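Q: Position in the sequence shown counted from 1, then plus 1378, gives you the numbering used here.
Please keep in mind that the hints were generated in silico from the structure rather than gathered at the bench. Note that the coordinates shown come from a computational prediction; the quantities given were computed from them, not determined experimentally. Relax, there's no trap hidden among the hints.
As a list, the in silico DSS-like pairs of lysine-lysine whose alpha-carbon atoms are at most 25 Å apart: (1) K1633 to K1407; (2) K1786 to K1771; (3) K1668 to K1634; (4) K1597 to K1945; (5) K1664 to K1626; (6) K1406 to K1671; (7) K1619 to K1634; (8) K1671 to K1515; (9) K1664 to K1634; (10) K1633 to K1517; (11) K1945 to K1589; (12) K1592 to K1945; (13) K1585 to K1945; (14) K1407 to K1515; (15) K1469 to K1786; (16) K1406 to K1634; (17) K1515 to K1668; (18) K1668 to K1619; (19) K1585 to K1940; (20) K1515 to K1633; (21) K1585 to K1943; (22) K1626 to K1407; (23) K1940 to K1702; (24) K1668 to K1633; (25) K1589 to K1936; (26) K1517 to K1626; (27) K1589 to K1940; (28) K1865 to K1786; (29) K1664 to K1613; (30) K1407 to K1668; (31) K1786 to K1443; (32) K1626 to K1668; (33) K1702 to K1585; (34) K1517 to K1664; (35) K1664 to K1515; (36) K1613 to K1668; (37) K1936 to K1702; (38) K1936 to K1597; (39) K1592 to K1943.
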Amino acid sequence: MSGAALGLEIVLVFFLALVLLHRYGDFKKQHRLVIIATLLAWYLCFLIVFILPLDVSTTIYNRCKLAVNSSPAESNGSYVTLASSTQKCIKPWSYIPNGIMPIFWRVVYWTSQFLTWILLPFMQSYARSGGFSITGKIKTALIENAIYYGTYLLIFGAFLIYVAVNPNFNLQWNQLQTIGIAAANTWGLFLLVLLLGYGLRGYLLMKTYFKAAKLMTEKADAEENLEDIMEEVRKVSESIKYNHPLRKCVDTILKKCPTEYQERMGRNMDDYEDFDERQNSYPSEKSLVKLHKQVIYSVQRHRRTQVQWQILLEQAFYLEDVAKNETSATRQFVHTFRSQEPENKIIQYFYTPTVEWYWECLLRPWFYRVLAVVLAMFSVIVVWSECTFFSTKPVLSLFAVFIQLAEKTYNYIYIEMACFLTIFFLSICVYSTVFRIRVFNYYHLASHHQTDAYSLLFSGMLFCRLTPPLCLNFLGLTHMDATISHKNTQPTAYTSIMGSMRVLSFIADGFYIYYPMLVVILCIATYFSLGTRCLNLLGFQQFMGDSEMTSDLIDEGKELIKREKRKRQRQEEGENRRREWKERYGNRDDSTRNRVVHTDQKESSFSETNISRPLSKYTRANGRTERDRIELLQDAEPLDFNADSINDDPLELDSGR
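Based on the sequences and whatever the hints tell you, model everything.
A: Okay, structure coming up:
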């Protein structure tokens, strides 16, 4: 089993990152380099979280061996004896041989730092660039990142000059490396505490109607923005003809436009004209680059809002079905609309309407209540440990108490499970905030393959910057970090790569200890929705139960959902009528058509008086069939007198038919 657990987790974590990235990214449309870079960043961060418990159990075993093999005279109290000298240490099942973990952590850590500070920022600017060539995009990315890189180089250069001039500092390369790691981890810890305090408390109420009203506003804004951009593209396409040198750039822009706009702008483009005429003013290549960038952004935003609107409608219809079925006497779950996706026959066999009713209406609410209590207990333990982990005598951090109790009995399974659950809960609190947070329209992780390249790369940067300080914080909570425990014990392989923070005493003894206590203030602010109230005051609409604006948006969302529900009901009724027509009159219509053709061929050999009677017979039968077809296939949309207006959007009604 030596190293088998490490190899197994490396494979499983890779597939976990791949599945999660497939949910948010689009492997078919997005560039391969963007997918590979984001996958590598996510994979390395998840790998650190899953492998760290194995490092802890291996370190405890190595400490035990070192304490047993060393006599009390030789140790001089430098190592903590975990057991008596006559007791043999038990080797953990997931033991990793010496020398593997330091190399592993060094490769993982420095690769993630290279991604977050150098490669991913450059790829972000490259992905958002509107250049038409690789050289142009690289040039734009370098210019945009010049200030970003120059700021860090200026700070680092000033620090090196200060160290070289000051005679009190005699720093070596290892110490400079530790200072660089401490600076990166300090920035990450600053953001980590903010996200952790936000993620410890989740929303308890469904805000579907509120989201529907906000999303409809965003959807309309995206459609209007796309129309404006497409109008600019149309003007440029009409002004720059096929014999113009910049026509290749215009064709590149047209390929990024939706299909219906491409077909509309592709008409009346057969004429050629002299582009050197002075009376014609042509846009420059720089303006085309800017327009190309706007087209990419507007098309992606429009597509994302359309998909999110459909997903939100499905969620709203589902919640309304649950509320309606709670009072059902038959105890069978009835859906208002059929599922648009084909259901698995095996799931359909076991997950019957009765089973679905018991789960959705009876068991699921209680399951969420129990889960909320468990997560609340974990949150209290985390907040308590963050405020007391610096105390070693007595040990007040509950995570450290759990690990030390298991350490005495060599229960490595319990140690690894306790470490995994602790760091997994911390990761969920932080990473869930990264997935849910939204920075205007620049950063937003949207599921169902609707996340753009910029947001994917930005999420990879955040993960790479947050994961190392998160793991150091976890080791401090469990007193596995010598900086916190103040014991000269064998460190974990992870902390040996990070180096001793005691090189900078004001960070080791001040910032790392007292700054995490701010999570209490952030939790209190989140509980009382102080951030939400501040955003409301600034004009950003947020969900608040005691706000008049929230009530208006909820009412508006209800009306929007009702309108979409009526549209879908009319659409399904029309489909049912068409299906009934095909089942009842499909074969009869074919036979009637054949008889009419045969009668028309015979009419030429008879006089009008002889054929009037049979012709009227066939005409009468065929006329009835045609009347039925007109009533069913050309069914007019019924007027909804309960709606706000008689006519909804005519374009939407036409598309629905």
